[in-house]
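Visitor: Protein chains in written order, with the numbering used here: chain A, 1063 to 1348; chain B, 1068 to 1351.
Note that these hints are calculated values from the structure, not bench results.
Glycine included, each C-beta is placed from N, C-alpha and C at the ideal position.
Treat the hints with care, as some may be off.
Unchecked claim - Okay, the calculated beta carbon distance ranges per label pair:
no., chain 1, residue 1, chain 2, residue 2, range
1, B, P1329, A, G1243, 31 to 37 Å
2, A, S1242, B, T1117, 51 to 57 Å
3, A, G1243, B, Y1173, 43 to 49 Å
4, B, A1348, A, W1118, 38 to 44 Å
5, A, E1128, B, Q1333, 17 to 23 Å
Stated by the list, open to error - In silico negatives: residues of chain B with every beta carbon more than 12 Å from chain A:
no., residue
6, R1130
7, N1137
8, K1155
9, H1166
10, E1177
11, D1290
12, I1302
13, M1328
Claimed, not checked - Not close to chain B: a few residues of chain A, all C-beta gaps over 10 Å, as computed:
no., residue
14, W1118
15, T1131
16, K1146
17, R1179
18, A1198
19, A1215
20, P1236
21, E1252
22, E1315
23, Q1328
24, Q1340
25, R1344
So the chains spell out like this:
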Amino acid sequence: MKEVVVLSGKGGTGKTSIVGSFAVIAPSKVLADCDVDAADLHLLLSPTVREEGEFWSGQVAVIDKEKCTRCGLCQKMCRFDAIKDFRVDPTSCEGCGFCSQICPVGAIIMEENLSGRWFLSETRYGFLAHARLGIAQENSGKLVALVRQKARAVAERLGLGYIISDGPPGIGCPVISSLSGAHLALMVTEPTLSGIHDLERVIGVCRHFGIAAMVCINKYDLNEDNTRQIEDYCLGQGISVVSRIPFDNVVTEALVQGVPVVEYSQGRVTSEINRLWQAVTRSLEA
Amino acid sequence: MIISVASGKGGTGKTLVATSLALSLAATGKVRLLDCDVEEPNDHIFLKPTITRSEPVTISVPRVDEGKCNYCGKCAEVCAYNAIAVIKKKVLVFPELCHGCGACSYLCPEDAIAEEGREIGVVELGYSDGIDFVQGRLYVGEAMAPPVIRKVKDYSSREGTVVIDVPPGTSCPVVEAIGGSDFCLLVTEPTPFGLNDLVLAVETVRELHIPCGVVLNRVGVGDRKVEEYCLKENIPILLTIPLDTEIARCYSRGIPLVEGMPEWRQRFLNLFSNIRGAAVARSR
C-alpha cells in the first residue's frame, strides 16, 4: 500500500480539486482529508458517514473559584498568558498543567478537552477518512495523524493499493503530521510569486523529513514566465515537474456542481489530471 | 485600530487585501502591517520592505545537569507533551516536542534543569512605502507557529492602524493571530469551498467576540450562496473584487493591486470607512 500526500504551501492552488479528481481516476484506494482545519474534500465526494468518533486531545486548566485565594502565582508563571483575573482563557491555554502543579491550594484542575470529531465515510469512489477540528482548537497535527490511521486501517482491511491524502496549507504542525511516513508528496503550485515562494518552503519541509517530492503547476498559463521560473527551480533541485494544468473555468463550474472536474468536463484539464495520476502511480511503483 | 485579515480557506486573497489596505492607508496616516502567516509569509513579496532588524524567536527547552540529577522522574511526570523522559540513569529531552512551559525546570527537586533557548523562527522589522512592516518566519522543519506569531504581535500598536495578515484555517495559529483585533475582515470567494470555510471562520471570530465583515473576491465565477449566507447571518459584505485577468496578472507578478491598478486605492479607503462604520454600529 502506497500513500501520496498532496501539498502546496500556499492555500488555494487546487489541491482539493485534484484530489477529488484522483478519487474518480484511481483504482483501489482510500481517501484522507488531512486539512482538518478547513476540510473541503467532502463537498466534492458527497460522503455518507459510516463510523465516527470524538477526538479528545490535550487538557485545559480550570480554576475552582471557591478554592482560589487569588495569590496570582499561576498568572505569573503561565508562559502563554492564558490566565487573567484568575480565569483561564481556554483558547490561550496550551494544557501544560504547570499552573495546576504549582497552585498552593490545589484550586486548578486539568480537564480533558474535546477537540474535534473524526469520520469514516463511504463515497461512490470508495472510503474517505476525514475530520472536523473544533473551532479554535489545538492539536490539529494529532487529528491529522488519527485521520491517516483510519485511512490506513481501511486500506489494510480491504487490501487497497493507495492512500490519497489532501494535505493542509502551510509548513507547520499539521503539514509535518500529514507527511511523516508517506511515500510521495505531490506539490500543487501556481505560477505566482507567492506560489513559488511557498513551494520552495514546503519542498524544504519534504527534504527535511526525507520525503520524495514531485510538482504540478496548476493554471500554468496565467503567467508563463513564472511557470518557467518554477521549472528552472525544480530542475536545479532535482525535482520533476510532472504536469502543467491550464487555467479553465470548468474547475470552478464543477466545484459549484459539487462534482470532481474530471466527471464534469472532458477537456484539457481532465486529460492533464489523468496524465498526472499516471505520473504519480509510476513514481509510487518505482 | 487593529484590523485582522483572515479567511478559513487559503488562497482567497488575504495577502492582496492586507497589502492594498495598508498601502492605501499609508497615505492618510500611521499604518503598520504585521504578517502573521509565519508558515508562508507573502506580504514581503508585494511590499519589498527594507528590513532593518531581525530578532530570533526561541522557545525555552530544558537542559539537564546530570551531575545534579538523581533520576527521580518528576520532570517526565509533569511534562504534558512527553518532551522529557527518564530511563534508568538517563534523561532524554525531545526539544521539538517541548512547548517551553517551564514546568520541568521549576518543579525539579534537585534544581538540575536549566532552560536554554531553541531557535524556531525569526521576526523581521522594517519599512516600505510609509508602512511599518513586521513579519515572522517559522523555520522550515519546525512545527510550532504560535510562538512566532506571538512575537510578531508584540509589535502591535494602539497608535494608528494595524493590519494583520492571518494564516489560513481555524485552529491555534489563527486564534493567536486574530486575538485582540478590533475587527476581522474575512476574505472569501463565491464557491462551495469558499462558503464552507467562511462559515468556519465566522464561528471562530464569533468565539473570540470580534466583529467581522466579508471581502468577496473573484466575483463572476461560482454561485451566490456566500451572499445569501451573509444576508442571513447579518454579516456585511464590505468589498467585492471581480474575477479579472488584470488583477490576477498583478498578483502573479507580486504587484500590489492598488499600485498596478490605482483606481482601487479609493475603494480600499472606502473599505476602511466601511470597517469603521461596521465596528461603530456594533459597539452601539
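Visitor: The structure should be examined with respect to each hint, and the outcome stated for every one.
Guide: Verification of the hints:
| no. | hint | in the structure |
| --- | --- | --- |
| 1 | B:P1329 x A:G1243: 31 to 37 Å | 50 Å, violated |
| 2 | A:S1242 x B:T1117: 51 to 57 Å | 39 Å, violated |
| 3 | A:G1243 x B:Y1173: 43 to 49 Å | 36 Å, violated |
| 4 | B:A1348 x A:W1118: 38 to 44 Å | 40 Å, holds |
| 5 | A:E1128 x B:Q1333: 17 to 23 Å | 58 Å, violated |
| 6 | R1130 | 17 Å, holds |
| 7 | N1137 | 19 Å, holds |
| 8 | K1155 | 24 Å, holds |
| 9 | H1166 | 6 Å, violated |
| 10 | E1177 | 16 Å, holds |
| 11 | D1290 | 5 Å, violated |
| 12 | I1302 | 16 Å, holds |
| 13 | M1328 | 16 Å, holds |
| 14 | W1118 | 14 Å, holds |
| 15 | T1131 | 20 Å, holds |
| 16 | K1146 | 12 Å, holds |
| 17 | R1179 | 14 Å, holds |
| 18 | A1198 | 5 Å, violated |
| 19 | A1215 | 24 Å, holds |
| 20 | P1236 | 8 Å, violated |
| 21 | E1252 | 8 Å, violated |
| 22 | E1315 | 8 Å, violated |
| 23 | Q1328 | 20 Å, holds |
| 24 | Q1340 | 26 Å, holds |
| 25 | R1344 | 28 Å, holds |
Comparing the model with each numbered hint stated earlier shows that hints 1, 2, 3, 5, 9, 11, 18, 20, 21, 22 do not hold.
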